[in-house]
Amino acid sequence: MVIMGRVWKFGDNINTDLIIAGKYKLSITNIDDLSKHAMEALIPRFAEKVSRGDIIVAGKNFGCGSSREQAPLVLKHIGIGAVIAESFARIFYRNAINIGLPALECKEVHKISDGDTLEIDLASGTIKNTIKNEVYKVKPIPPALLEILTEGGLVSYVKKHGKLPW
Amino acid sequence: MGKTIVEKIFSLSSGKDVYAGDIVVAKVDAAMAHDGTVLLAIEAFEDMGGKSVRDPSKIILVIDHVAPSSNEIFAKVHDAMRGFSHKYGAKIYDVGSGICHQLMVESGLVRPGSLIVGADSHTCTYGALGAFSTGIGSTEMAAVFMSGKLWFKVPETIRVEINGSAPPMVFPKDIILKVISIVGADGATYKAIEYCGETVKNMNIDGRLTLCNMAVEMGAKTGIIEPDEKTREYLISIGIRDYTSLKSDEDAEYSKRIRVNISDLEPMVACPHSVDNVKPLKDVEGKEVNQVFLGSCTNGRIEDLRVAAKILKGKKIKDDVRMIVIPASRSIYLQALREGLIETFIEAGCTICNPGCGPCAGAHQGILGPGEVCLSTSNRNFKGRMGSADAEIYLASPATAAVSALEGKITDPRRLFE
Chain A
0 MVIMGRVWKF GDNINTDLII AGKYKLSITN IDDLSKHAME ALIPRFAEKV SRGDIIVAGK
60 NFGCGSSREQ APLVLKHIGI GAVIAESFAR IFYRNAINIG LPALECKEVH KISDGDTLEI
120 DLASGTIKNT IKNEVYKVKP IPPALLEILT EGGLVSYVKK HGKLPW
Chain B
0 MGKTIVEKIF SLSSGKDVYA GDIVVAKVDA AMAHDGTVLL AIEAFEDMGG KSVRDPSKII
60 LVIDHVAPSS NEIFAKVHDA MRGFSHKYGA KIYDVGSGIC HQLMVESGLV RPGSLIVGAD
120 SHTCTYGALG AFSTGIGSTE MAAVFMSGKL WFKVPETIRV EINGSAPPMV FPKDIILKVI
180 SIVGADGATY KAIEYCGETV KNMNIDGRLT LCNMAVEMGA KTGIIEPDEK TREYLISIGI
240 RDYTSLKSDE DAEYSKRIRV NISDLEPMVA CPHSVDNVKP LKDVEGKEVN QVFLGSCTNG
300 RIEDLRVAAK ILKGKKIKDD VRMIVIPASR SIYLQALREG LIETFIEAGC TICNPGCGPC
360 AGAHQGILGP GEVCLSTSNR NFKGRMGSAD AEIYLASPAT AAVSALEGKI TDPRRLFE
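Protein sequence lines correspond, in order, to chains A and B. Okay, so the first sequence: first residue is 0 according to numbering that gives the first Met the number 0, each after it adds one. Okay, so the second sequence: first residue is 0 according to numbering that gives the first Met the number 0, each after it adds one.
Because the hints were derived from the structure by calculation, they are not lab data. The C-beta atom is built at its ideal place from N, Cα and C for all residues, glycine as well. Some hints could be false.
[As the list claims (entries may be wrong)] With the Cβ distance kept under 8 Å, some of the chain B side facing chain A (calculated, not the full set): (1) D46; (2) P67; (3) T188; (4) C195; (5) Q334.
[What the hints assert, rightly or not] BS3-like mimics (lysine-lysine), calculated; alpha carbons at most 30 Å apart, straight line: (6) B/K86 to A/K59; (7) B/K408 to A/K158; (8) B/K408 to B/K312; (9) B/K408 to A/K59; (10) B/K286 to B/K200; (11) A/K136 to B/K255.
Sequences are here, hints too, so could you generate the full structure?
And the structure:
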């Protein structure tokens, strides 16, 4: 599975209210309507600006705060192909895998700039920066989780295999 | 090798001898979801072909985030919850019952030694009774509905030892804000925090719930406190006598040990826009506030209401300031009513709302406008959380909340003694 796209760079501690604010989550259940507000407090009309396959690159503790699965869901829905961060809040990480949004931990995110283009190879766990011609290492996704991810998330996994992975 | 209480709970729930770092599939003793997260779980349950739930007695649904519904969409969500509950036999707490975490605790659904998951990040609260409880997502909650099990990585534990007796007007909220300022917003990610020390030993269950509730603000998977005599007394008061009392071994391994002495601690405030942006109150004293919120799963319990009511008794809150008071559950509401606290709040000019999450989650009952400042006893001050992204949220104790409402600005509650 190879993901290619433009980088949108964010800082540390991007919390779930910044990804999708509670006021929207608690008044909109339609995912198309909800997704329009993704990351809007940081980048106005972010959802419109993103192209399919674009990649979010962030610092520490991405997705901290609420357990809302709508956070990775809106990012996936607007076309984000993967989130790369120095570290993730644990519930966001679980949710991302479960809904089929690749979440990759990488200690070299500081080398990546907004607007760079990345190629991510999930199987080998490498990120290639095609603008800067650099290669970064990612922390490997545990095999059991990679299987859920490559099936497109937990629901798709169960539909395909007829049972839960555990 | 000795085990932490967390390793013991996972050994029990997985039926294996496990330590931090092991990945286990564990049996879940209770699974909770609320109106903010349950719809995705119900949809995933149906998408995965769910025909029945593993054990309906272990599934608890709570209508608390938008309760009563503030829009048609959430009226439909609530209806779907009632439908799911009737179809599969899951327990439901309807509008007005209170906040999920308080209901789980006071209804006896949390027992020491048990493993509980909730589709809410503040599920970590139940560690106050010696349970391992943690927040999960909606899709995996659907899997728990189906199987009664979930995979976990047994977390390492950070031991936070708190000693000393709190000076006047310093409360568990000030203590946990101090701890958060030391650990940081991601200092405990993937880890459990075990609180111990004489301060914790002497703290009642309401205060312990406040400590454990905010563990996730340091990234922790849970906050936990060994059950002791105070736990036993509380459990007896709600009719529970039968439970497994687990404690950490003397030679258990901790990833880190932190010691905090609170004998000289001052009232603390978490400033916008992150919970670890903690300052001594004196650094922000005088900041004008438009709204004060007393409530939430952090500080909406009877002790919190008592502290605030004592300060507000016979006084009026400042003109142009609104103070919203929300008891965390119906039983707390009734208790406060019987003690005359509600009368005190109303006479002081406060607005009382029905038990639930109120404005904390940004749905209703006190949404902030642009430029407004709110002092809140809740647990998160993220940009935009309670309404406008141009509003500011400060987090503090119920005492600080009450005195700040009287003055119309952030005020040190110790000034009451001047």
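For each hint, the structure was consulted:
With 8 Å as the threshold, the beta carbon of B/D46 comes within range of chain A, its nearest partner Cβ sitting at about 5 Å, so the hint holds. The beta carbon of B/P67 comes no nearer than 13 Å to any beta carbon in chain A, farther than 8 Å, and the hint placing it at the interface is violated. Of the supplied interface hints, the one on B/T188 holds, with its beta-carbon coming within about 6 Å of a beta-carbon of chain A, less than 8 Å. Below 8 Å, beta-carbon pairs count as interface contacts, and B/C195 has none with chain A, the closest being about 23 Å; its hint is therefore violated.
For B/Q334, the shortest C-beta to C-beta distance to chain A is roughly 28 Å, which exceeds 8 Å, and the interface hint is violated. Distance hint between B/K86 and A/K59 is unfulfilled; the C-alpha atoms sit about 43 Å from each other, more than 30 Å. Note on B/K408 and A/K158: the hinted pairing is violated, with a Cα-Cα distance of about 56 Å set against a maximum of 30 Å. Of the supplied pair hints, the one linking B/K408 and B/K312 holds, its CA atoms being roughly 18 Å apart against a limit of 30 Å.
Simply put, B/K408 and A/K59 have alpha-carbon atoms about 34 Å apart, too far for the 30 Å limit, and the pair is violated. At most 30 Å may separate the alpha-carbon atoms for a hinted pair to count; B/K286 and B/K200 exceed this at roughly 35 Å. Restraint check: the Cα-Cα separation between A/K136 and B/K255 comes to about 28 Å, which is no more than 30 Å; the hinted pair holds.
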